[in-house]
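Going line by line, the protein sequences match chains A and B.
Okay, so the first sequence: first residue is 0 according to numbering that gives the first Met the number 0, each after it adds one.
Okay, so the second sequence: first residue is 0 according to numbering that gives the first Met the number 0, each after it adds one.
Keep in mind the hints are simulated off the structure, nothing from the lab.
A portion of the hints provided could be inaccurate.
[As the list claims (entries may be wrong)] From the derived model, a few chain B residues whose C-beta atoms are all more than 12 Å from chain A:
no. : residue
1   : Y67
2   : I116
3   : G118
4   : D120
5   : F202
6   : G395
[Stated by the list, open to error] In silico contact screen, one side only, chain A against chain B (beta carbon under 8 Å); selected entries:
no. : residue
7   : E384
8   : A385
9   : W749
10  : I761
11  : D765
12  : N769
13  : S815
14  : L817
15  : A818
16  : G822
In this text the structure is predicted, and so the values were computed from the model without any measurement.
Quick reminder that beta carbons are idealized off the backbone N, C-alpha and C, glycines included.
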Amino acid sequence: MNDLNTVLTTCPYCGVGCGVEVTKLENGLVSVQGNKSHPANFGRLCSKGSALADTIGLEDRLLHPMVDGKQTSWETALDAVTERLKKVISKHGPDAIAFYVSGQLLTEDYYVANKLMKGFIGSANIDTNSRLCMSSAVAGYKRAFGSDSVPCCYEDLELADLIVIEGSNTAWCHPIVFQRIVKAKKQRPELKIVVIDPRKTATCDIADVHLSIRPGTDATLFNGLLTALNQHNKVDWNFVNQHTEGLVDTLKAAEQTAPDVARVAQVCELNEQVVSQFYQLFINTEKVVTLYSQGINQSSSGTDKSNAIINCHLLTGRIGKPAAGPFSITGQPNAMGGREVGALSNQLTAHMELETPEHHDLVSRFWQTDNLAATAGLKAVDMFEAIAEGKIKAIWVIATNPVVTLPNADKVRKAIEDCELVIVSECELNTGTAARADILLPALAWGEKTGTVTNSERRISRQHSFLPHPGEAEEDWWILSEVAKRMGFGDAFNYQSSADIFREHAALSGFENNGKRDFDISGLAGISDQQYDTLLPVQWPVTLKNPAGTKRLFEDKYFFTRTGKAQLIPVIPRMPQNPVTVEYPLSLNTGRVRDQWHTMTRTSRSPRLNTHISEPIVQIHPVDASHYQLKNGGLARLESKWGNMLARVVVTEEQRIGSVFVPMHWNDFLASKGRVNSLVNPVVDSISGQPESKHTPVRIMPYGPVWYGFLFSRKAIKSIDSEYWVKIKGQQFYRYELAGEKTIENPSDWAKNQLGKNGEWIEFIDQGINRFRAARIVENQLESVVFIASEFDLPTRSWLSQLFSETTISDEVRMSLLAGKPGSGLADCGPMVCACFGVGENTIKDAVKTGSVKTVEEIGDLLKAGTNCGSCIPELQKIISG
Amino acid sequence: MKEKLVLIGNGMAGMRTVDELLKLSPDKFEITVFGAEPHGNYNRIMLSPVLAGDKKLSEIIIHDLQWYEDNNINLYIGKTITKIDHARHRVLADDGTIAEFDRLIIATGSVPVMLDISGKDLEGVISFRHINDVKVMIETAKTHKNAVVIGGGLLGLEAANGLIKQGMNVSVVHRNNVLMSQQLDQEAAGLLRSKLEESGMNFLLDHHAEALLGKKRVEKVRFRDGSVVKADLVVMAVGVRPNISLAQVSGIQCDRGILVDDSLQTMTPKIYAVGECVQHRDKTFGLVAPLFEQAKVLANHLVNNDVISYKSGATSTQLKVTGINLFSAGNFIGDRSTESMVYKDFARHIYKKLVIKNNKIIGIVLYGDTNDGLWYFSLLKDRQDISDMRENILFGQHHIETEMQIT
């Protein structure tokens, strides 16, 4: 902290780990800027980070312990947790309970959860939602390097001459890393960008080459690259001979499965020029970083795919030096921290292995426990399978929402409903998981809790609190420690602060390490509380020898395998486990959208973030759309063997023919049928256990409701009388997108029943075509609006939503309300493009039309659009090019 | 030597015809005008504001006596023509005055219908048609308290409104429950009613006056259901009918009104008729707009002899009743074969309704906001298909225009 009113912390969203500067304002609110001195973002924030201040309200927060639906004291709640867990353990043994934790936990919370479960309860049934986003990357690294080591750093992206972005919509999912790449390319146009993605995403805007690859064929593409590198004598023989093993088999596997460009092009459904273009660039560029993410990881062969990538870097020795390496980028603020404390069921802690006897012995001694789990526990998907089968009787879910995020989510929801004991530590009240808990424990949220996180480049940063503890909410480590004490493990969990925990974690990482293990932050083991508080961002390893931390790994060419050599891994490409069929002919791809994060419990609180994409959508190629009779803007029903959902149709050429894309975000509190994971197949990578969330065979059909509509209300509505609904928080209103299967006999009553009768109602009825519109004015302010029609093409919502911020409704506006748009003379800013500054499409289009702006920069100068997070720049570009 | 033109009736239609004649050719005719009322020509429509005290009599005079002199028109006021002798081309007045004509225009207007019930001749039972009626009302208001207006049409409501302004307690008797049923549908009539009730008007709907009670002056009104109300003044405003008695006695062919052709000629040579007294193609007239149209046609015929024929097309009504704007046209009730589009903002006293058939407007009722009345009416007359403006048409023309701009 530099002064009392300013707090330096980090963003709670993606794995970029941007530094955030929070300023407390007089009115009790806060303002959020990027921290200029933070090496991850140097002051920049994306749309989500910029909107953090909107998300810290206490609305819908869990603030008190609840046991069996009744509010209780902490004492009662903690006793209940302890007693019930002990009961299950004594009856069925420790493996009958499980912890399911989260990449949003701070390292200290994470460490305590893992220590309690593995070290003292004695089961390894603790897994984390990070299993869903990067466990394949972890497994790939471990197979190649003998350790879960991310070799690169962000700077390497700026120094590189070629960046291969593989399976990542960086522009939307890691916007600030993307902005750093954009800036670098501006400064050095010779920096080449290759994007490999079935979809033409916003990331492709800076691509010199885009490979719109057939989903699931990435391993073939990189095997082909390996073959090509070999054929073009790009093997770094010194490096390969001295520092790697497995060359022969690996090359053989590659040559068998991807002998030449022609074969690769055929398998990946790409044209040969594009493939060789990519290969030539890789062959001829020494400084190359391959940046990869979920497109690689979320696959039944995700581990192999990451090794296929790593192989190419090992073969060419493009690793362990500036501007080179296979760079897995993570999706959560502390996925890396979770890996460091070992909160995955097949890890021990501090990058040690459960089933390695010397590690087991080392940790047992350090923790002074004789109950340390010795065998791997269940990975996320298997864990919930075991709950469904009744093998696991008790689950403690901490800071995550599995009924929305796990594949086959409906089955997961059922499993949790049927589970004997469900404990949930949460800061949110409205999560599908919390709704099904026997015991609810109120946890602190971002801005309230304090500790450390590690970002994608191994950089440990402090998260500081700047808000009071609301209600009775507590630190997760405190909750866990209190239960540990009650279970009789008091001595091992006698922490006074997160600093205590961090020091222990640091000490353990260095315990009998002497360079044998990659993760070593023993240099921080001795820091004082005050030093901990003012700890500056630093990249591990941090030892007493190099207290300043380590930019990149493997510069010494030493790897953490038994032989000290990196492993080339033979990869035989495998297609997704469930192929598309006649019955389910399309491949469902899932992922993030620009302005939402995870299950939206936080981002959906921010009106401006809800304006970019406000509904569950399904993107589909025009050819498929017409084949399945889907109209842009209409509604579609998607079905897989596992579940179904409803989504708004977006017809776009950016989608590949034969595959559809649906965002992962929507939960039951925001949409009646928007949980895409209820469709996703429960198929995992046999090594990493990561689900194949990027591919599920599905079918799609038009959803034919009797009526469509939307509804605005200043207050949230208790129950909505409509089969399809999506709830969208706006500036001083909630908007509901609706569609119904039953005809509304009396729309006027229907509206008043949901919104209340009082106030001045204005109504418009066209009985001829079942068109109904109504607005309610209370004390001269707009209170609610309803539009109902038999077709989905209703007027745009933008003008009406602006009116909720008006203190009075003029007569002219009042007359136009039910037209949904101003009469001539009033301006309509149109759908939101720049979420940061609230600049609408029409405003920008007008500026372009009048010729006052010609470039993205000029738009920025005139309207500020795109000058903050820049995530809308692709859209601005589109508008300019018409 | 000029042609002699005689006009019977110094009212709005007749004198408008004279105005048109003078415009076309000031010297063609030697004009003589007979008027039963002892005034120059005045604007009958403005009697309501006079009654309401918003205007003075002098302000509603169109042509004062001086004007007739200046235009060399022989004006006989207070003289009623009793006979038309078309064989001899002359007319005779009640005082024996005789005037010869080469052409004759009958513009005797209409007479208020007086319910044929007992007591209708009592003192204080009047109609609302002439300046004298207004004078009687204003005088009565000074000395009496309770007025009953029979008839909830436009005229009745304006009379009632005026009498309230004159300080009387007014009850309006109407035989059904829809006020101004010629112009309004039930919903609009309901709005109008509640608005007028606010101003203190009392309504006896679905009431049928059966008798007017009183010795010399009317005292009470008794209804079919036996109920009775106090009444020191009874104004009958149950409608008008063409004033054809003179024409009939003079053997000019009549039906409900004096029959005229498209150039406003009666079936008798040299004799014309114009205004509320005529029946053209089976229609009779009560509103001013078509009368003025007739005046134009007739004048043109008399001067140029060319036949621009009169067409009585669809008419719209735009009114201001006691300050409330109303517009109505066509079949604004609708039936099974029609669809209706309705906009309601009752808090703002606004109600708009379009009746649609095969995507064309066939009826209009506007209450409170009549800005787009004429536009809708032109769409109705042109039978324009409104499919592609249907979504926004009810919000007004400027919304359709923005539509155009956008697309």
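Verification of the hints:
1. Y67: Its Cβ never comes within 12 Å of chain A, the nearest being 48 Å, so this holds.
2. I116: I116 (chain B) clear of chain A: closest Cβ-Cβ about 42 Å, beyond 12 Å.
3. G118: Label holds. Min Cβ-Cβ 47 Å, cutoff 12 Å.
4. D120: Holds, because the least Cβ-Cβ distance between D120 (chain B) and chain A comes to about 50 Å, which exceeds 12 Å.
5. F202: Non-interface label stands for F202 (chain B): nearest chain A Cβ at 25 Å, farther than 12 Å.
6. G395: Incorrect as stated: the minimum Cβ-Cβ distance to chain A is 7 Å, not above 12 Å.
7. E384: 52 Å, violated
8. A385: Constraint on A385 (chain A) not satisfied, violated at 56 Å.
9. W749: 16 Å, violated
10. I761: Nearest chain B Cβ about 4 Å off; hint holds.
11. D765: Holds. Min distance 5 Å.
12. N769: 10 Å, violated
13. S815: 6 Å, holds
14. L817: At 7 Å from the nearest chain B Cβ, L817 (chain A) passes the 8 Å test, so the hint holds.
15. A818: 4 Å, holds
16. G822: Holds - the Cβ of G822 (chain A) comes within 8 Å of chain B, reaching about 4 Å at its closest.
Of the hints listed earlier, those the structure fails to meet are numbers 6, 7, 8, 9 and 12, in rising order.
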